[in-house]
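Colleague: Spelled out from the first residue to the last, the chains are:
Protein chains: 2
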Amino acid sequence: MQSQLIIRILGILLMIFSITMVPPLAVAVIYGDGGGGAFFSGFLISLVTGLFLFLPRKKVRGELRTRDGFLVVVLFWAVLSLFGAIPLYLSSIDNFGLADAVFESFSGLTTTGATVIVGLDDLPHSVLFYRQQLQWLGGMGIIVLAVAILPMLGIGGMQLYRAETPGPVKDSKLTPRIAGTAKALWYIYLGLTIACALAYWGAGMSIFDAIGHSFSTVAIGGFSTHDESIGYFNNSQIELICIVFMIISGVNFSLHFAAVRGLSIDPYKRDPEFKVYLGIIGVVALIVTLVLVFQGGLGFSEAALDGLFHTVSIATTTGFATENFSTWPIFVPVLLIFASFIGGCAGSTGGGIKVIRFLLLFKQGAREIKKLIHPNAFFRIRVGETVLSENIIEAVWGFFATYVVLFFIFMLILMADGLDQVTAFSAVAACMNNLGPGLGEVAANYAGISDLSKWVLSIAMLFGRLEIFTLLVLFTPDFWRS
Amino acid sequence: MQSQLIIRILGILLMIFSITMVPPLAVAVIYGDGGGGAFFSGFLISLVTGLFLFLPRKKVRGELRTRDGFLVVVLFWAVLSLFGAIPLYLSSIDNFGLADAVFESFSGLTTTGATVIVGLDDLPHSVLFYRQQLQWLGGMGIIVLAVAILPMLGIGGMQLYRAETPGPVKDSKLTPRIAGTAKALWYIYLGLTIACALAYWGAGMSIFDAIGHSFSTVAIGGFSTHDESIGYFNNSQIELICIVFMIISGVNFSLHFAAVRGLSIDPYKRDPEFKVYLGIIGVVALIVTLVLVFQGGLGFSEAALDGLFHTVSIATTTGFATENFSTWPIFVPVLLIFASFIGGCAGSTGGGIKVIRFLLLFKQGAREIKKLIHPNAFFRIRVGETVLSENIIEAVWGFFATYVVLFFIFMLILMADGLDQVTAFSAVAACMNNLGPGLGEVAANYAGISDLSKWVLSIAMLFGRLEIFTLLVLFTPDFWRS
Ligand SMILES: [K+]
Ligand SMILES: [K+]
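These protein sequences, in sequence, are chains A and B.
Heads up, the first sequence is in my numbering, so the first residue is 780 and it goes up one at a time.
Heads up, the second sequence is in my numbering, so the first residue is 780 and it goes up one at a time.
Keep in mind the hints are simulated off the structure, nothing from the lab.
There's no promise every hint is true.
A pair holds if it fits inside one copy or across any two, identical chains being indistinguishable in the list.
Once the Cα atoms are required to be at most 16 Å apart in a straight line, the calculated EDC-like pairs of lysine to aspartate or glutamate come out as [unchecked claim]:
1) LYS1048 <-> GLU1164
2) LYS1150 <-> GLU1169
3) LYS962 <-> GLU1081
4) LYS1149 <-> ASP847
5) LYS1054 <-> GLU1164
6) LYS1142 <-> GLU1164
7) LYS1048 <-> ASP1196
8) LYS1054 <-> GLU842
9) LYS1142 <-> GLU1173
10) LYS1150 <-> ASP847
Kindly produce the complete structure, drawing on both the sequences and the hints.
Modeller: Given below as structure tokens:
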């Protein structure tokens, strides 16, 4: 472990992060909402702590190796989330304790989008902007994590993407590759954000709302500046724009990168995960629409828009809403929450287990059946033109099983803390899948649950966002052995 | 596919099965309960159908191969369950339709123990005896299935047990091995049943109840002759006897076989699955006891007995009850239902995913983490002294994932049919794990759900009992290709 180097990096990250307190500070000044103090304090505390960590190690040099990578990634989200909670804690939000501030900050940076705040519409603009910005920054982190870092660390079968990752060189040194990849992806991310903000603005949002919602849309975040979420605008054009950008943001950013570089849509056409992703959304949206028409009594066009919007929102794990979907025929919300377990594509800002892993599980399940019928034959698994190694397959299985077991452990903890089964189930699903809204007591927000449950769910968000294993390895003695 | 041979076997099975209608017929005569007619009709219909299938194929000879094995196993449970439903359908049970009769029969033969009957205490003795006997017969079938057939078919990693299976020869011919193994195991099963019946009788049950409950105890079935289940007797000695025999029946019968043959308890001591099995029961029982003491307000000794009884009953997937445990602090019933997913040991009459598979998943999960930390090292997985092949590991992963996915599909179907989430969750868990009692609307019995849900749950029981894949292969076109 290169402890000194890692602390140095953490210091730099905190100093950079402190700068992100400046835009909300500016918003506070522009709107004169009186919320500036909290962000100035947050800025100073983060900057000074960063300097404090960095300066004594100014001259430390070295290369991060794979094992250090796990620690840096976990610290990135955990430490920035904790420092990100400071301005929220210092803001004058009603009944806002430490557990609330940390929950909200984790929910922002992990792009989960679950909130403990009631009465968003009455908050200072600076706080609203800050929450949206946390999601956008989290999304930037995730794209680099998902496209550049996880494949290198080999988490849950993501070594599958090693060869395809954009970036200059392929070796075990982490830094140069990540820097190159990150830059390319961030341009795409920024471009999508600007396009999304312009579209929202053109469709009738205020500039403030347009920017804020573009942040949480491309980040698959789901935070809104209104308690009613996208439903506040009551504008089907905005809903359609939202649908389009959620779908785009749930796609592997490597595909966007390849498409932009080659000015061609061939990369999408060739990608098996992309097709399955669209297929799942299509089938689920159709089922939801039919249920809304035949059981919910809605007209077809209203049901189709509502069905498509919420399917895309939940299946990509964004978590926006235009209706209180938890009151729909109970089959629908549960189906949607199941879809959120599948989640977005690998290499996107979406959460969940990821479409590619389900595709691999399905293919491997089919192979197991073939093996039973033809016990002496040998079958390979292909995705597109790639033949999968047994290593990747086992990693995907391991990922899935660990995800499920961890899910049930979290659910039991919440139930032991007094939540009912529906609430516990949906809360853990919504947090581990980085989805956001749940059912039962957490359908509207998470304000009503205990502090313990908030802490547990904050950890669940982190586990989900870091694809379980990045965080889980840190709990093994083997990891800390030199 | 050797269709003629398979139909011939089915004919023989039906003729043998028809004989099992004779004991309840005798019970009807002894108690003069007027229920004899239904069993006489059941006897005749099964016998005649059996003859009708068998006689034209009297001279058909051949050897069953692996692929035929799947079909015979599925037909064994499906067809016998359907014919087993006949006397129940013909009996004078109130409001008992076709779906009810089939559900009850499937529940019996798969040793699930879920019932759609309200008012067991008022039923004719012959019907009560028949239900208990169905479970006992199902248990006989399962032992042979689990110890002799599944390892040979290689279902869900059970090829692990190929070398250990007792029986004369090892080759691909199914019949001679199974016959030898079956005989040895049935002696043990019969011995356990007699011991259990004598113990119950000595502790105060009537002979009728002692025999009936011994049947459903060693079969891990859970049917009772009373609505209050074991709680009816209100006798802690009976509860302790029940605990002991449930634990014994949840152990791999190969171990019992080896122990009896060698007159030694070494086989248990050497078996890793056995230790984990006892460990899980111990830990869960402790947690349940503590919750009952501190949240439920029970005295320690009462809580310990209640906790141990229900932990053993649910974790082994028996499904007996002495209290209405669904009203305990909700954490407890959900924890117990999660434990039923782990279930009994492989090669036992217990249901669920089986302890050995969870042990393998845990070891493989730990290996995945080690691989992340040491990407270039190579790790083997051992169980006891056996090194596992990648084939077995993948089969276990495939089993687990398919189990989970199928679980959620069944749950969605039930919710689409109108069940609430808690009921649907617990009903599918209770049926797929061959457990029996659920929560919510199905805590006491399954009488209140729709016919469609009953049919779906009957199929779920069959999927669970046949370890998913035995049934699933039949749904692939590849299986039917010659
Ligand atoms: K989200
Ligand atoms: K049972």
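Colleague: For every hint, state whether the structure bears it out.
Modeller: How the hints compare with the structure:
1. LYS1048 <-> GLU1164: within (13 Å within a copy, 49 Å between copies)
2. LYS1150 <-> GLU1169: both (15 Å within a copy, 13 Å between copies)
3. LYS962 <-> GLU1081: neither (41 Å within a copy, 65 Å between copies)
4. LYS1149 <-> ASP847: between (41 Å within a copy, 15 Å between copies)
5. LYS1054 <-> GLU1164: Cα proximity of LYS1054 and GLU1164: one copy only (15 Å, versus 45 Å across).
6. LYS1142 <-> GLU1164: within (14 Å within a copy, 32 Å between copies)
7. LYS1048 <-> ASP1196: neither (48 Å within a copy, 38 Å between copies)
8. LYS1054 <-> GLU842: Result: close neither inside a copy nor across copies, 38 Å intra and 45 Å inter.
9. LYS1142 <-> GLU1173: both (13 Å within a copy, 12 Å between copies)
10. LYS1150 <-> ASP847: Between copies only: 15 Å across, 40 Å inside.
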